[in-house]
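Asks: Chains as they are written, first to last, in my numbering: chain W, 1 to 223; chain L, 224 to 560.
These aren't lab readings, by the way, just hints derived from the structure by calculation.
Among the clues, some could well be false.
Unchecked claim - Pairs of lysine to aspartate or glutamate, DMTMM-like flavour, derived with a Cα cap of 20 angstroms:
1) W:Lys141 - L:Glu445
2) L:Lys235 - W:Glu54
3) L:Lys320 - W:Asp122
4) W:Lys49 - L:Glu445
5) L:Lys331 - W:Glu127
6) L:Lys296 - W:Asp48
7) L:Lys302 - W:Glu120
8) W:Lys222 - L:Asp355
9) W:Lys149 - L:Asp355
10) L:Lys306 - W:Glu54
11) L:Lys290 - L:Glu324
12) W:Lys123 - L:Glu445
13) L:Lys296 - W:Glu54
14) L:Lys253 - L:Glu445
15) L:Lys408 - L:Glu444
16) W:Lys141 - L:Glu324
17) L:Lys320 - W:Glu127
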Amino acid sequence: MGIDIQHVIEMWPDILKAFGQTMYMIGISLTVAILIGLPLGIVLFITDKGLFLENRFVKTTLGVVVNLVRSIPFIILLVALIPLTKLLAGSTIGPAAASVSLSVAAIPFFARIVETSLREIDKGVIEAAVAVGATPWMIIKDVLLPEAKSSIVQGVTLTIISLVAYSAMAGVVGGGGIGDLAIRFGYYRYDNTIMIVTVVILIVLVQIIQQLGDWTSKAIDKR
Amino acid sequence: MIRIHDLSKEYKTKKGSIVGVNRVNLTINKGEIFGIVGYSGAGKSSLLRCINLLERPTSGQIEVNGKNLTELKGEELRKARLKMGMIFQHFYLISQKTVGENIAFALKAAKTPKEKVTPRVLELLEMVGLTDKKDVFPAQLSGGQKQRVGIARALANNPSVLLCDEATSALDPNTTLSILRLLKKINRELNITIVLITHEMNVVKEICDRLAVMQDGRVLEEGRVYDIFSNPKEELTKEFISSVVSFEVPQTILNQVTGRIVKVLFRGSVAGEGVISDTVQQFDVRGNFLHGAIEYIQEMPLGLFLMEIQGHPDNITRAITYMEGRGAQVEVMRNGH
Numbered sequence: 001m002g003i004d005i006q007h008v009i010e011m012w013p014d015i016l017k018a019f020g021q022t023m024y025m026i027g028i029s030l031t032v033a034i035l036i037g038l039p040l041g042i043v044l045f046i047t048d049k050g051l052f053l054e055n056r057f058v059k060t061t062l063g064v065v066v067n068l069v070r071s072i073p074f075i076i077l078l079v080a081l082i083p084l085t086k087l088l089a090g091s092t093i094g095p096a097a098a099s100v101s102l103s104v105a106a107i108p109f110f111a112r113i114v115e116t117s118l119r120e121i122d123k124g125v126i127e128a129a130v131a132v133g134a135t136p137w138m139i140i141k142d143v144l145l146p147e148a149k150s151s152i153v154q155g156v157t158l159t160i161i162s163l164v165a166y167s168a169m170a171g172v173v174g175g176g177g178i179g180d181l182a183i184r185f186g187y188y189r190y191d192n193t194i195m196i197v198t199v200v201i202l203i204v205l206v207q208i209i210q211q212l213g214d215w216t217s218k219a220i221d222k223r
Numbered sequence: 224m225i226r227i228h229d230l231s232k233e234y235k236t237k238k239g240s241i242v243g244v245n246r247v248n249l250t251i252n253k254g255e256i257f258g259i260v261g262y263s264g265a266g267k268s269s270l271l272r273c274i275n276l277l278e279r280p281t282s283g284q285i286e287v288n289g290k291n292l293t294e295l296k297g298e299e300l301r302k303a304r305l306k307m308g309m310i311f312q313h314f315y316l317i318s319q320k321t322v323g324e325n326i327a328f329a330l331k332a333a334k335t336p337k338e339k340v341t342p343r344v345l346e347l348l349e350m351v352g353l354t355d356k357k358d359v360f361p362a363q364l365s366g367g368q369k370q371r372v373g374i375a376r377a378l379a380n381n382p383s384v385l386l387c388d389e390a391t392s393a394l395d396p397n398t399t400l401s402i403l404r405l406l407k408k409i410n411r412e413l414n415i416t417i418v419l420i421t422h423e424m425n426v427v428k429e430i431c432d433r434l435a436v437m438q439d440g441r442v443l444e445e446g447r448v449y450d451i452f453s454n455p456k457e458e459l460t461k462e463f464i465s466s467v468v469s470f471e472v473p474q475t476i477l478n479q480v481t482g483r484i485v486k487v488l489f490r491g492s493v494a495g496e497g498v499i500s501d502t503v504q505q506f507d508v509r510g511n512f513l514h515g516a517i518e519y520i521q522e523m524p525l526g527l528f529l530m531e532i533q534g535h536p537d538n539i540t541r542a543i544t545y546m547e548g549r550g551a552q553v554e555v556m557r558n559g560h
């Protein structure tokens, strides 16, 4: 199981391209996950029992939808969403197409993470804001988000790392990416060199993301 | 003025409903400091939280400055809360915002114009004695300082009422005293009605004008603090008072005492020792003090003496009648043997 340096150099442009595709897919799906998942997570939290916008109907409906998407195995979601992908990305193959399914999977994942982060906030702090006469929007903006931001950053880290793993399956729809390269060359063609190189890249990538996430989360926490 | 009318609060649990507050009627006058005392689970916290509708009462009404709060919802309720400050045992400051931002948050809730926020924050910080802490985060403050920030936040929008939920229970005795003095100053200078709940009778003795004693969701006894301290009616009230004014005499000492033991209570301006020495001189009895103290409640002295009286039984009886005639309240604890 040696590494063929010549082969790595030969494949380097492909590896770079795959890395770029991974970044592309993660970038898009993470952005969508934050844009939609963050508000969704907030709504899931503030409509809960005893909170300032308690609403059982909204809470239950959203909860069921979130669970529904989360319970579908990603590979099935990837195929099941082909019509939606065609509509949004204009094509059913390529990194853009894969980003649609990745986003759909990442939204409820991130929403639950946000909801959990918000639950960690001392209820008393929220209550104090209610007692002060703050509007719901003020409580979200000036209490919930600041108090949970450190924990939400950890959640973003977790989401990115999960997306790195999910994106490996994007090969099914020709999404490309590092993980796809590892599967196609390393796994199907017994190309150990590519297998090792891609896995090492993924390991390093995940380590860096985790470190960055931990550092940011700590740096912004004022407790 | 706060009027609590026939207020009840029930909590639904899996095992049925629990009564937190049971048909309470109270009137709290404008500008007074009103204490609600009780053990945990007595319903005092629920009652307090019903006043600004953090908890919605099951039945009954809350009227603040003539407005029935229980009818309010949403935006109207939010606006009413701007005029009612609240402070908490665990302060509940926004940990990720500075002291100044925490106070500004309350001002923003009242839509204070931007240019007026900073001057008002500084004014409030000066009032609570934390001028140099504006840009500090709560984690760097002591408990007493955090409570001062809580007070500044509660007072930001010039409320007419300040609700204190065990505001000093997490603080050491010295800090408690300084916070109580601050509350009293606020009450006197800004004429803000303060409602506080506590399980510490010391707090009541220190600053309250009137108090109510609660048990099992009901108000057992209410009245002026001085009256209740000098003449408690309920067993529970006596228990609470004994935590401040205790007259425990060791049993071994009591066993050595042979005369009649009486408890003598002087209220108001009566100089207790003078009456006792007059009595001893006039009636040929001897008095031994077993315990004694003068407590100052609301700046009025309350003298309580536990003494042994020796002498002829007739003289003792006459001595007691004499002391009663001079305004003392005498209770025979034990007849001599």
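Asks: Hint by hint, say whether it matches the structure.
Replies: Do the hints match the structure? See the list:
| no. | hint | result |
| --- | --- | --- |
| 1 | W:Lys141 - L:Glu445 | 43 angstroms, violated |
| 2 | L:Lys235 - W:Glu54 | 17 angstroms, holds |
| 3 | L:Lys320 - W:Asp122 | 15 angstroms, holds |
| 4 | W:Lys49 - L:Glu445 | 35 angstroms, violated |
| 5 | L:Lys331 - W:Glu127 | 17 angstroms, holds |
| 6 | L:Lys296 - W:Asp48 | 18 angstroms, holds |
| 7 | L:Lys302 - W:Glu120 | 28 angstroms, violated |
| 8 | W:Lys222 - L:Asp355 | 18 angstroms, holds |
| 9 | W:Lys149 - L:Asp355 | 27 angstroms, violated |
| 10 | L:Lys306 - W:Glu54 | 24 angstroms, violated |
| 11 | L:Lys290 - L:Glu324 | 31 angstroms, violated |
| 12 | W:Lys123 - L:Glu445 | 32 angstroms, violated |
| 13 | L:Lys296 - W:Glu54 | 14 angstroms, holds |
| 14 | L:Lys253 - L:Glu445 | 17 angstroms, holds |
| 15 | L:Lys408 - L:Glu444 | 27 angstroms, violated |
| 16 | W:Lys141 - L:Glu324 | 13 angstroms, holds |
| 17 | L:Lys320 - W:Glu127 | 16 angstroms, holds |
Consistency with the previously given hints fails for numbers 1, 4, 7, 9, 10, 11, 12 and 15, ordered from lowest to highest.
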